[in-house]
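Undergrad: All chains should be modelled from the sequences, with the hints used to inform the complete structure.
Okay, so the sequence shown: first residue is 666 according to the working numbering, each after it adds one.
Don't read these hints as lab results, they were simulated from the structure.
Virtual Cβ for every residue (Gly too), placed ideally from N, Cα, C.
Please note that a few of the clues may not be correct.
Label-pair restraints from in silico Cβ distances [unchecked claim]:
1) 668 - 708: 42 to 52 Å
2) 706 - 668: 41 to 51 Å
3) 713 - 668: 45 to 55 Å
4) 668 - 707: 45 to 55 Å
5) 681 - 702: 24 to 34 Å
6) 672 - 692: 29 to 39 Å
7) 688 - 712: 26 to 36 Å
8) 676 - 705: 27 to 37 Å
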Amino acid sequence: MEDLDLAEWLAIALPLALCLALGVYPKAFLDLIRPDLEGIASLFSTLR
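TA: Written out as structure tokens, the structure is:
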């Protein structure tokens, strides 16, 4: 792909690498957002 320069390659490669990492090892991301998700879940459970 000779039409892409370095900045365009990085714009494609970084999100692709992030998607690959989250697909292979999602636990790191899920552990990071778990406290917020539990807070949101408790909010909705009190509304029921």
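Undergrad: For every hint, state whether the structure bears it out.
TA: Hint check results:
1. 668 - 708: 42 to 52 Å: holds (48 Å)
2. 706 - 668: 41 to 51 Å: holds (46 Å)
3. 713 - 668: 45 to 55 Å: The hint (45 to 55 Å, Cβ to Cβ) holds, given that residue 713 and residue 668 are roughly 54 Å apart.
4. 668 - 707: 45 to 55 Å: Holds: the Cβ-Cβ distance is about 50 Å, inside 45 to 55 Å.
5. 681 - 702: 24 to 34 Å: Taking Cβ atoms as reference, residue 681 and residue 702 lie about 25 Å apart, which means the hint holds.
6. 672 - 692: 29 to 39 Å: Since the Cβ atoms of residue 672 and residue 692 sit about 32 Å apart, the hinted range of 29 to 39 Å holds.
7. 688 - 712: 26 to 36 Å: holds (33 Å)
8. 676 - 705: 27 to 37 Å: Holds: the Cβ-Cβ distance is about 31 Å, inside 27 to 37 Å.
Comparing the model with each numbered hint stated earlier shows that all of them hold.
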